[in-house]
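There are 2 protein chains.
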Amino acid sequence: MKRIYFQAGPTTLPKEVMQQAKEEWDDFLGTGLNIMEHSHRGSEYEGIHNQAKTRMKRLLDIPDTHEVLFLQGGASLQFAMIPMNLIQSGKTAKYILTGSWSEKAYKEAQKIGSCEAVVTGKDSEYRALPEMNYVSSENDAYLHITSNNTIYGTQWPDLHAFKHPNLVADMSSDIMSRPLSIKDYGLIYAGAQKNLGPSGVTAVIIRKDLLQENKSVPSILSYCVHAKNNSLYNTPPVYSIYLLNLVLGWIEKSGGVVEMEKRNHNKAQVIYDAIDQSNGFYNGYATPESRSNMNITFTLESDALEKQFIKESEENGIYGLKGHRSVGGFRASIYNAVPQESCDSLAQFMKHFQEKYGK
Amino acid sequence: MKRIYFQAGPTTLPKEVMQQAKEEWDDFLGTGLNIMEHSHRGSEYEGIHNQAKTRMKRLLDIPDTHEVLFLQGGASLQFAMIPMNLIQSGKTAKYILTGSWSEKAYKEAQKIGSCEAVVTGKDSEYRALPEMNYVSSENDAYLHITSNNTIYGTQWPDLHAFKHPNLVADMSSDIMSRPLSIKDYGLIYAGAQKNLGPSGVTAVIIRKDLLQENKSVPSILSYCVHAKNNSLYNTPPVYSIYLLNLVLGWIEKSGGVVEMEKRNHNKAQVIYDAIDQSNGFYNGYATPESRSNMNITFTLESDALEKQFIKESEENGIYGLKGHRSVGGFRASIYNAVPQESCDSLAQFMKHFQEKYGK
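Protein sequence lines correspond, in order, to chains A and B.
Just so we're aligned, residue 1 is where the first sequence starts under the numbering used here, counting upward by one.
Just so we're aligned, residue 1 is where the second sequence starts under the numbering used here, counting upward by one.
Chain A extracted, bound-state conformation (with noise of 0.2 Å):
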């Protein structure tokens, strides 16, 4: 039986680049050897660093205020490196808690300079987005969101009510996966495990005035000097980047981000139907204003019907679907690269498990 998956991350990669990817296993470009063998320094791998950050810039828009870094260490490490290079002295860096992943975000950067958390929406268990009232201050160093919360299910609808200088954004679990107007940033993050390729790299963009040269950080963890050396400073995720460069090739040869928002969009319509339809058979853990086109959360009325679940979805071949422990139900990641027909297998096979077990 042909198995579909909807897990959370490190998740599927599109087809077309598992393809072309083993096509050119044995022998990229003549050379008699893969891609992650050769020399970072050789023009075989500089033009796959050069080209997958050109299509950063293509398909996202990006100004020439604005620079691309390919970075390790994930979103986890990015929540050291950000503060470490963003505060000032005499600045206090501004967190809105939306779930686990900002509140971590939060918890690092108070081990390295002054910050305050101004907006939470902790009190709705993280149902529903906070409202968004925050006004800046001249004295803030940043203002830091989560653009999607993968493991409750919601997703900031309007990016645009985030007005700051430096705005800070974790895109890790929807880069790509809609247009953004890159102006509005200061900083934007993603792991590439979700929307942009395997685990092992990260992407940055920033705006070049924040590449200010600090030379208390170490090299390793300065933005100025992964931009001054074209995110060569050291040996890079090769292989990562290789197949990130071929994931935004697919994306723009499948129509861009506009194409990615329709497609979510309607990915995750049959789903949420499937809820809505349910009369309450599956319950939302997200309130409907707050939710999320990637990652879709939804719980039954007792453990025994939730475990009945994981069982025949498995035997049907639908596979990731458990929820993270502190939600507890179910989880469907559906990332650029789940197509519709697994949403729609998803919803069919929620149907019918509710024609079986519901009143």
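Warning: the hint list may mix true and false statements.
Put simply, identical chains are the same to the list, so a pair is met inside one copy or across any two.
[Claimed, not checked] Here are the computed lysine-lysine pairs in the BS3-like style, where the Cα-Cα straight-line distance is at most 25 Å:
#1 Lys311 <-> Lys262
#2 Lys228 <-> Lys107
#3 Lys15 <-> Lys183
#4 Lys228 <-> Lys111
#5 Lys2 <-> Lys22
In case anyone wonders, no lab produced these hints; they're calculated from the structure.
Following the hints, complete the assembly by docking chain B onto the known chain A.
This is chain B only, laid out in the frame that chain A set:
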């Protein structure tokens, strides 16, 4: 024409490893996915992760006093993490300088805590390893060495010379090339892209008493946090660790590090013989007693001849010989995965080239 490669890293992987990865590309253990598409919390990846750790322990005979970690960020991130985690208040870290990489490690440590260079080989332009006359002091946080110097082509022949309670060694370019006495080390680190696998993962072996919790260190930069989470604190570089695990399996099947040492010695010997028997046509950069079995550095008497050498070597299918800009000339990097036949071919080419252009 079949090409052979001698680049300094990332470099070629064993053919058997690349073949197995290709076979498992589409369908890892019957899941219909590549291992990189699996969640890092799933049983498929967990099996790989723990097998890699077990193989590291078995191959290097790592006692229970030491922990094995798989991190991101390369040796360059270790240059920062080591002083952040290991320099306690009132202590000074000591560095032995034997080339550009130990200089970089020292420079980064100076940003973080008290440290001092105690022995240097700079006077010899790093052609020779310095005399090892340093006696440890109670005040030392640790003593840092670089076991093999890729750029200059030197390698400490006997690591037992370093007696220090907290010996820290950068083994990025010679780990798994020879047996080690792990109990003699506080910490060993190695970027994977020379002897362990592709770029994107760094192995760390750390004595457990050095895993001190320090709440001021960001979680992602804390050895203690990574050890407590079995290197799964954040999403690991799944595919790099998968390939590292295959490389370790290949070393085991080949006869382990004792066999690697024998092979590397024999491989190096044929090239050093071509240098030594050339009557000064080829000049070895490193002094004979400091020579590396991983990186063989040599020059020719004129720029014109060196250009001709590169040109004709490539015409003969031999790639990756250009030396680092700080030394010039040539560097043949012959890490574990480079076969004896490649070294024989290079030595033969060197002899033919000398017959053609020598006086």
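Each hint tested on the structure:
1. Lys311 <-> Lys262: neither (32 Å within a copy, 53 Å between copies)
2. Lys228 <-> Lys107: between (29 Å within a copy, 18 Å between copies)
3. Lys15 <-> Lys183: So Lys15 and Lys183 fail the 25 Å test inside a copy (33 Å) and across (47 Å) alike.
4. Lys228 <-> Lys111: Between copies only: 19 Å across chains, 27 Å inside a chain, cut-off 25 Å.
5. Lys2 <-> Lys22: both (20 Å within a copy, 21 Å between copies)
Violated hints, in rising order: 1, 3; the structure is consistent with all others.
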